[in-house]
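Q: Sequence:
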Amino acid sequence: MKNFLPFFFIMAFFASHNAFSQLIRNLNIPVKVNNQYIPNPWAGGLNWCQFSEIDLDGDGKMDLFVFDRNGDKISTFLNKGENGVIDYQYAPEYAAKFPRLKSWALLRDYNCNGKMDIFTYSDSGGIALYRNDFANGNLQFSLVSPLLRSNYSPSSPNTGLYVSSEDIPAIIDIDGDGDLDILTFSAWGAAVELHLNESMEKFGNCNELAYTVETHCWGNFSEDNNSNISLNKTCRGGGGGDNSGQSRHAGSTLLALDLNKDGAMDLVLGDIGNKNLTMLLNGETSVNANIISINHNFPTSSDPVDMNLFPAAYYIDVDNDGIKDLIVSPNAGNISANYSSVWLYTNHNKNDSALFSLIKKNFLQDGMIDVGEGSFPALFDYNNDGLLDLIIGNHSFSSPQGNNSTLTLFKNIGTKSAPAFELVSNDYLGLSALNLRGLFPTFGDLDGDGDMDLLLGEDTGNLLYFENTASAGNTANFELQSSKYFSLRAGNNAAPQLFDLNKNGKLDIIIGTQNGILAYFENTGTINAPSFTQSRMIRPFGGVDVRLHGHTTGNSVPNFYLDKVDNKIKLLVGSDNGRIYYYENIEGNLNGTFNLVNSHVGVLSEGRRTAPLISFNLTDQPNPVLLVGNYAGGISYFDNAINLSVENKKQVISSLKVYPVPASGNITVEPGNDFTSQLTISIYNLIGNKIFEQVYAPGNSIVIETESFADGLYFLHANAPGKSATEKIIIKR
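In our numbering, the protein residues as written are -10 to 722.
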């Protein structure tokens, strides 16, 4: 059933089109850091990432695919560099073309057609495979297998090829026959299995998937629960050596490559208990491997990987010189580094043993807004120059002093019509010294003195109140007055908002919480002396609950705002699952249930723990801006956040007919008598990406070619002045 959930999101998007127009992602708002404009400021942040190469746009040059285990977030970058030049341009339009992936994803060409396919974690406890069906300039993928299988032994044929969700396997041609083999730790043992693909031997091509366990302890080594490696194990050669009696390692990452150019695959091992990478040198052949030495100072003795737990390595030509380089990033959430977490080593030896040099520890991250783990944006004119500045809270920021929460301040150095930002401080107000986590900012004049005060939520649920002691018109000066403001508590991961919800001129407090609901505290005091009491809390508030079915965590983030078109209060709510929810029917209904209009605004995929922020005042443009924070630590920027023209709802037409269903070739659309004017046909895939659009004259049958469509479910949307209709399409060949 879950595979069809996006249908309801797409339907909600169409049904609520009168409230939300098409969001326009804006990547062109300049951001300056250390006196230089950064290239991809709104790329959304990176934490614990996996890297692969793929030609996204069909220009023959390998681009970059990044999968962040934190939130299963996909980021795509076009390669604009030349020989010896590193230049990647954020291109989010390609990320929407990938299927939903989970835990880990590696792109490899399994069918030898030059197109990178997707190997990813399967919910069945192994590997799922998607085929790259790039055609006519359109990147698309088709599911080949929900679970790869392997012949483990005569007694266990055709069994699911096991890979843990915490591990990363090595997927590479081990035996040199042209098809892709797999190295992975076994489900029960402490050794690495070699699964040989016999597609070439059995079928004479790479298109098939025919895996067999060649050995249960490739390389004749094992690893115990303490990440200690032992050499000269006894299951050398063949399929023997069942290590079921040994305890399972906790989690490991594998990279197979020929480091010394002797024709045999060596291994780079990352482990959940270690901060470094371990190089295992193979002294024999790739298939009948035998590890003869271990190096814990990989890749160089002068600059070995020293990362806060569980590093993983990826072998990609980053600088376009024809030699593969090394990217290292952590593979575990919450225990690993969340900034400076992408180390780049370039390789300077093409024909001899690899020679790596550490270039930077924040590859790509130095070109974007990235405040660590989590990003919670707020807008506030801190220097009173008439321009709203950007303040971002986070859950934590890795530094030599520890993983403490901070505020990051970007000053608006642009104009009212063209905002631009410059980093002022990544520890604004020095809050890292408080040793707190999950600082969530909101601003408002709580004491009626004409300037904005600061209220911070934190992960234990307390609210911190900072009074702005600067006089009106001066640069803000905040002083902590209370670390438990009015002793208010709504729940963990407090995400507060100051907003006059009942329009009585006094700021109320609304708090999102870990459990996905909202709590409302009415201000019963005065403009100059606010008063809030725990006993008057309304929770759950408005019937808001952004938890997915069966989940206990929701991490709701409220953003109430006053729509300047109809002067009514509206609500956006971010969530742990990443969707942004849109509510109406709020005024005069504070004790009732708000109307959920859209449960997936814009069908956005910005990562988990989204934090939306609508602003009508950041620019002087008629349409507001939407900023979205996410748990990878970055910010996404969207224009045209609301359709201020507020169209009348279109009549939903039932006369539209689409056939055949399912279709193996072309489909025919019969508009019917209700569509009497020019008609726009749009087709969307399951993740909401528009893959087809064309305008047609009224009154005629329409034939649409589907040759470039992968098998699967789609939605056809017919749109004409005042009328619309949506039908399902199924392509099955």
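Some clues are possibly wrong.
To be verified - Now the in silico label distances, taken between C-beta atoms and shown as ranges:
#1 Gly167 with Asp628: 42 to 52 Å
#2 Gly103 with Asn221: 38 to 48 Å
#3 Glu71 with Asp609: 38 to 48 Å
#4 Ser414 with Ile305: 46 to 56 Å
#5 Lys313 with Leu537: 22 to 32 Å
#6 Gly165 with Asn125: 49 to 59 Å
Unchecked claim - In silico DSBU-like cross-links for lysine-lysine, where the CA-CA straight-line distance does not exceed 30 Å:
#7 Lys250 with Lys339
#8 Lys553 with Lys86
#9 Lys557 with Lys104
#10 Lys721 with Lys679
#11 Lys91 with Lys250
#12 Lys69 with Lys91
#13 Lys91 with Lys492
#14 Lys405 with Lys350
#15 Lys679 with Lys712
#16 Lys250 with Lys86
#17 Lys86 with Lys721
#18 Lys91 with Lys104
#19 Lys646 with Lys679
#20 Lys264 with Lys104
#21 Lys222 with Lys104
#22 Lys250 with Lys349
#23 Lys264 with Lys400
#24 Lys86 with Lys679
#25 Lys495 with Lys50
#26 Lys50 with Lys350
#27 Lys21 with Lys339
#28 Lys349 with Lys405
#29 Lys721 with Lys646
#30 Lys86 with Lys69
#31 Lys557 with Lys646
#32 Lys679 with Lys717
#33 Lys473 with Lys405
#34 Lys400 with Lys339
#35 Lys50 with Lys557
#36 Lys21 with Lys69
#37 Lys646 with Lys553
#38 Lys350 with Lys400
#39 Lys86 with Lys646
#40 Lys712 with Lys553
Treat the hints as calculated values from the structure; they're not laboratory data. Since we're looking at a predicted model, the values are computed, not measured. We put the CB at the ideal spot given by N, CA and C, even for glycine.
Q: Indicate, hint by hint, whether the structure satisfies it.
A: A quick look at each hint next to the structure:
1. Gly167 with Asp628: 42 to 52 Å: Once the Cβ atoms are compared, 48 Å apart, the range 42 to 52 Å for Asp628 and Gly167 holds.
2. Gly103 with Asn221: 38 to 48 Å: Holds, at about 41 Å.
3. Glu71 with Asp609: 38 to 48 Å: Holds: the Cβ-Cβ distance is about 40 Å, inside 38 to 48 Å.
4. Ser414 with Ile305: 46 to 56 Å: Since Ser414 and Ile305 have Cβ atoms about 34 Å apart, the given range 46 to 56 Å is violated.
5. Lys313 with Leu537: 22 to 32 Å: violated (40 Å)
6. Gly165 with Asn125: 49 to 59 Å: The hinted range 49 to 59 Å is violated for Gly165 and Asn125, with Cβ atoms some 34 Å apart.
7. Lys250 with Lys339: holds (10 Å)
8. Lys553 with Lys86: This hinted pair is violated, its Cα atoms lying about 35 Å apart.
9. Lys557 with Lys104: Not satisfied, since the Cα-Cα distance of roughly 51 Å exceeds 30 Å.
10. Lys721 with Lys679: holds (19 Å)
11. Lys91 with Lys250: violated (34 Å)
12. Lys69 with Lys91: Given pair Lys69, Lys91 holds - Cα atoms ~28 Å apart, limit 30 Å.
13. Lys91 with Lys492: Distance ~44 Å between Lys91 and Lys492 Cα, so the pair is violated.
14. Lys405 with Lys350: violated (36 Å)
15. Lys679 with Lys712: holds (19 Å)
16. Lys250 with Lys86: violated (37 Å)
17. Lys86 with Lys721: holds (19 Å)
18. Lys91 with Lys104: holds (21 Å)
19. Lys646 with Lys679: Satisfied, since the Cα-Cα distance of roughly 20 Å is no more than 30 Å.
20. Lys264 with Lys104: violated (34 Å)
21. Lys222 with Lys104: Violated, at about 38 Å.
22. Lys250 with Lys349: holds (26 Å)
23. Lys264 with Lys400: violated (36 Å)
24. Lys86 with Lys679: Holds, at about 9 Å.
25. Lys495 with Lys50: Not satisfied, since the Cα-Cα distance of roughly 58 Å exceeds 30 Å.
26. Lys50 with Lys350: The given pair, whose Cα atoms are some 25 Å apart, holds under the 30 Å limit.
27. Lys21 with Lys339: violated (36 Å)
28. Lys349 with Lys405: Answer violated: Lys349 to Lys405 is near 36 Å, above 30 Å.
29. Lys721 with Lys646: Measuring from Cα to Cα gives roughly 19 Å; hence the hint holds.
30. Lys86 with Lys69: Holds, at about 20 Å.
31. Lys557 with Lys646: violated (38 Å)
32. Lys679 with Lys717: Roughly 14 Å between the alpha carbons, so the hint for Lys679 and Lys717 holds.
33. Lys473 with Lys405: violated (36 Å)
34. Lys400 with Lys339: Cα-Cα ~45 Å, so violated.
35. Lys50 with Lys557: violated (50 Å)
36. Lys21 with Lys69: holds (21 Å)
37. Lys646 with Lys553: violated (40 Å)
38. Lys350 with Lys400: holds (26 Å)
39. Lys86 with Lys646: holds (27 Å)
40. Lys712 with Lys553: OK: Lys712 and Lys553 at ~27 Å, within 30 Å.
In summary, the structure is inconsistent with hints 4, 5, 6, 8, 9, 11, 13, 14, 16, 20, 21, 23, 25, 27, 28, 31, 33, 34, 35 and 37 from the numbered list given earlier, while agreeing with the others.
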